[in-house]
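> Just so you know, the sequences run in chain order A and B. Just so we're aligned, residue 581 is where the first sequence starts under the numbering used here, counting upward by one. Just so we're aligned, residue 581 is where the second sequence starts under the numbering used here, counting upward by one.
No lab work stands behind these hints, which were simulated from the structure alone. C-beta atoms are modelled at their ideal positions from N, C-alpha and C, and glycine is treated no differently. Do not take every clue at face value.
[Said to hold, decoys possible] Restraint-style ranges between C-beta atoms, simulated for each label pair:
| id | chain 1 | residue 1 | chain 2 | residue 2 | range |
| --- | --- | --- | --- | --- | --- |
| 1 | B | Trp1040 | A | Thr1041 | 38 to 44 angstroms |
| 2 | B | Gly782 | A | Pro758 | 32 to 38 angstroms |
| 3 | B | Pro830 | A | Glu861 | 29 to 35 angstroms |
| 4 | A | Thr1041 | B | Pro738 | 24 to 30 angstroms |
[Said to hold, decoys possible] These stretches of chain A come out as covered by chain B in the derived footprint (C-beta under 8 angstroms, 3 or more residues):
| id | segment |
| --- | --- |
| 5 | 696-705 |
| 6 | 708-714 |
| 7 | 719-733 |
| 8 | 771-784 |
| 9 | 792-800 |
| 10 | 895-908 |
| 11 | 923-932 |
[Stated by the list, open to error] Below 30 angstroms or equal to it, Euclidean Cα-Cα: the simulated DSBU-like pairs (lysine-lysine) are:
| id | chain 1 | residue 1 | chain 2 | residue 2 |
| --- | --- | --- | --- | --- |
| 12 | B | Lys963 | B | Lys707 |
| 13 | A | Lys718 | B | Lys963 |
| 14 | B | Lys1004 | B | Lys1043 |
| 15 | A | Lys707 | B | Lys707 |
| 16 | A | Lys718 | B | Lys707 |
| 17 | A | Lys711 | B | Lys718 |
| 18 | B | Lys711 | A | Lys718 |
| 19 | A | Lys832 | B | Lys832 |
| 20 | A | Lys1004 | A | Lys711 |
| 21 | A | Lys718 | B | Lys956 |
| 22 | A | Lys956 | B | Lys718 |
| 23 | B | Lys1004 | A | Lys711 |
Protein chains: 2
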Amino acid sequence: MLNVDKQCDTFLYRQVIDLITENMESGTLLPGDRLPSLRKMSRTAGVSIPTVRQAYVELERRRRVESRPQSGFYVRHLAANELVLPTRTTAARPAHLHCRSLMERVYDGINNPDLVPLGIANPSMAKSAAKTLHRAMKRVMARAEERSLGYASTLGEPSLRRQIAYHYLDTVGAQVEPDEICITNGGQEALLLALSSVASAGDVIAVETPTYHGMLELIDSLGMLAVEIETCPEEGVTLEQLERTFKKHPVKVCMFSTTLGNPLGVSLPDEERTRLVKLLEDYDVALVEDDVYGDLRFDGQRPMPVQFLGGKARILTCGSFSKTAASGYRIGWVVAGERIDEIARRKRAFSCSSGYLQQLTLADFLASGDYNRHLKSLRPVLKRNSERMQALVAEHFPSETRTSRPAGGSVLWLELPKMVDAEKLFDAAMAAGISIAPGHIFSPCACYLNFIRLSFGHPWTEKTEEAIKWLGQQVAKLAA
Amino acid sequence: MLNVDKQCDTFLYRQVIDLITENMESGTLLPGDRLPSLRKMSRTAGVSIPTVRQAYVELERRRRVESRPQSGFYVRHLAANELVLPTRTTAARPAHLHCRSLMERVYDGINNPDLVPLGIANPSMAKSAAKTLHRAMKRVMARAEERSLGYASTLGEPSLRRQIAYHYLDTVGAQVEPDEICITNGGQEALLLALSSVASAGDVIAVETPTYHGMLELIDSLGMLAVEIETCPEEGVTLEQLERTFKKHPVKVCMFSTTLGNPLGVSLPDEERTRLVKLLEDYDVALVEDDVYGDLRFDGQRPMPVQFLGGKARILTCGSFSKTAASGYRIGWVVAGERIDEIARRKRAFSCSSGYLQQLTLADFLASGDYNRHLKSLRPVLKRNSERMQALVAEHFPSETRTSRPAGGSVLWLELPKMVDAEKLFDAAMAAGISIAPGHIFSPCACYLNFIRLSFGHPWTEKTEEAIKWLGQQVAKLAA
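Excised from the complex, chain A in its bound form:
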């Protein structure tokens, strides 16, 4: 039954995981079955007992098996639609981006206003702040007149930086100096400035898998390599695998979406955040923390960004108003701590400064309390949309379909039946006037071939419902 290859460039325990997984998938091991004992498996596979234990514990962490006291490990019964991320052994190597042309077609879909927009993660559109923001902008134009057409300073409008610092204080009690903050052209430029200030071409960057495709494109554009770190569908990145990767690869920087990561919509638990800080310190690795969804937990409880738990010198936190209020304003920021001078230098060299009128408008929007009021009304809309989408998927997609349980944000991650090629589904959907995001683009290795990401971040309409139904029927056809 077992066939572990000691020459293979994969951890032995991971090969044990693969073997168990294969047997679960083939139906040899069914829910409720007991796994071979540690001793027996050790003998059969020719690996040590601790190696087998490591494999079983990892499978438990991934919710595929459960341990019963004094009895052993058993294959778990999965709840209906419960998402189980694949356990892959080949992804943990630095890789360049593989699916450029598909990425471009996905953006063609995103950029096409005539499609049903299930392809783009833009929560702010679910409930528009247009009226309030337009009013704020008109106030600014009347007040600042000509000045608002001039350059903002390199770091950005001081009143906006003060409001952002205040927002951190208000929501998580973190002390941030306005002068540690640099305003950027959206969260994407924040990632660019942060990453390029701590790594160079050829460096290895650790990312979550699955992860936001914009990070992968950025890493690739800068000539860097991405190495994937597995995630749990409920807790985000797996620190055990991270540490093993640190030992194996010269990782320079981690680039993690710590809160409501895209596409999974889950957050790193508090105790894991503290462990992450320690790990970064021990291995002298920097962290670019993508926190653009921080304000969008359905329960309104913003987790503490990892930076404020310690290790400011090695952590850069990126935020944005694109996901919460106005994507088109292109206003984000980096909280750069001691690295602020280097960030300012890059900001100047890469784009001088960010839009001044938008900065003044957002400063007004935050100071007036309109931003918090907007968030308060946006979150329940997103929650409601999320529930509706999950219900429709459960109703119209084949029963083997599994979905994430997002705790916020605007996207649902779906595992479709194995034989469904998400790229084919994408092409069919585009032809039918629906944009979706195929799983391929969320990994540098073009894995997740039978996964898709659907967005519920737009006003819910009949068209949304029809599109989901149509997709479900299409998936059933492709699975047949």
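Start from chain A and add chain B according to the hints.
Chain B only, in chain A's frame:
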């Protein structure tokens, strides 16, 4: 008298130039004096006659000597204030940026609204388009409402790209496809996208000297090296030296401001543009063409960007509305021709897209004819400010001061008496509430130590006049 060192890493003819220059500066050779004959100089210096001729012709090109038929070369009488760029032999080597901390202090000055703003090149402020632009933006907000808060597409709003293409057709008769244009976060991001798409860390980039400090910071941030190419104060970059540099250094890309270069304010003549295209082809070198001042010639005659004279595959042209209409909008563009896909990929990876509301507003501003009307009223204001500033400098600065003769734009380049340290002048000016740009930052080698750049791109006030007078007195003190 002569002492040419054949081991030195400098062209022999350049050493001859240096020797002649030294003798002119020491007073050994005075205006009206005949230079030694070619034959005599050849014998004395131990170099060939063609080498001496090359030196003399170059000195003539640089307007230091003049040839009289059948008679020889004579030291020229310089007109009052006529700018003569230094002939330096050490600058033509690739170099990293040397004056970071001064650059930061200069930006502190630029970013401080309480100072008299002579430090920043921002022509659009000389006559504000605020009222018309604000009106256009309100129209857009009423029309596009929620859509204007969403993401623009990666390449940018099609109606704005069409207007830009039309503007090229209208002003220079060039055929540009809207789909060859990518909208960027100002001209600086256009330079970033263009340069990073044709060169990598370690590559050698040819720049004009003196050149725009933002280019030098960009080259440095990307880990590239700048090699300086001399310019003529009336014709911009010297193609002879460019070709010699191509032979000597592995130049990957030229980054030139072909029209109204900053700080000199002159443009490459048409016939030189054609020669440049040929040179780039012969040596397989790319060109990043900075054309952000194209619309600001006092005479309204926009020269043809080099890209449209041929060699589209190797030339990327960068434009912007920052210098003409609204710096704070952060809207520029790259005309990328065949390289548009690579530019779009980078744009997405570096900042997703540019501000949507501003793009819609500028599209309206151009389509309505307001942009052209604005340019028509802006140019004479800039011309008038330029003349006023030159007159005040002639009146209040020491008589050895030499100035550029800008044909457009908003900056004057001043050579101060040799003993004046522009950094000291900068510090004194900042303390007195005046921002200026010291010459140091316009070269990667921190040359131009006795040069400054003054901006006349703001509304002319009594404060402007007082600041220029004060600077003149200060220069006189420092020169004493």
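> The structure should be examined with respect to each hint, and the outcome stated for every one.
Hints, one by one, checked against the model:
1. Trp1040/B x Thr1041/A: 38 to 44 angstroms: violated (56 angstroms)
2. Gly782/B x Pro758/A: 32 to 38 angstroms: Taking Cβ atoms as reference, Gly782/B and Pro758/A lie about 37 angstroms apart, which means the hint holds.
3. Pro830/B x Glu861/A: 29 to 35 angstroms: The hinted range 29 to 35 angstroms is violated for Pro830/B and Glu861/A, with Cβ atoms some 42 angstroms apart.
4. Thr1041/A x Pro738/B: 24 to 30 angstroms: With a Cβ separation near 25 angstroms, Thr1041/A and Pro738/B satisfy 24 to 30 angstroms, so the hint holds.
5. 696-705: holds (count 4)
6. 708-714: Check passed, 5 qualifying residues.
7. 719-733: holds (count 10)
8. 771-784: Since 4 is at least three, the answer is holds.
9. 792-800: holds (count 4)
10. 895-908: holds (count 5)
11. 923-932: The restraint on the segment 923-932 of chain A holds, since 8 of its residues have a Cβ under 8 angstroms from chain B and three suffice.
12. Lys963/B x Lys707/B: holds (12 angstroms)
13. Lys718/A x Lys963/B: Violated: Lys718/A and Lys963/B sit about 33 angstroms apart, past 30 angstroms.
14. Lys1004/B x Lys1043/B: holds (21 angstroms)
15. Lys707/A x Lys707/B: Violated, because 39 angstroms separates the two Cα atoms, which is more than 30 angstroms.
16. Lys718/A x Lys707/B: holds (21 angstroms)
17. Lys711/A x Lys718/B: holds (12 angstroms)
18. Lys711/B x Lys718/A: holds (12 angstroms)
19. Lys832/A x Lys832/B: Roughly 29 angstroms separates the two Cα atoms, so the pair holds.
20. Lys1004/A x Lys711/A: The given pair, whose Cα atoms are some 40 angstroms apart, is violated under the 30 angstroms limit.
21. Lys718/A x Lys956/B: holds (28 angstroms)
22. Lys956/A x Lys718/B: holds (28 angstroms)
23. Lys1004/B x Lys711/A: violated (51 angstroms)
Hints 1, 3, 13, 15, 20 and 23 from the earlier list are contradicted by this structure; the remaining hints agree with it.
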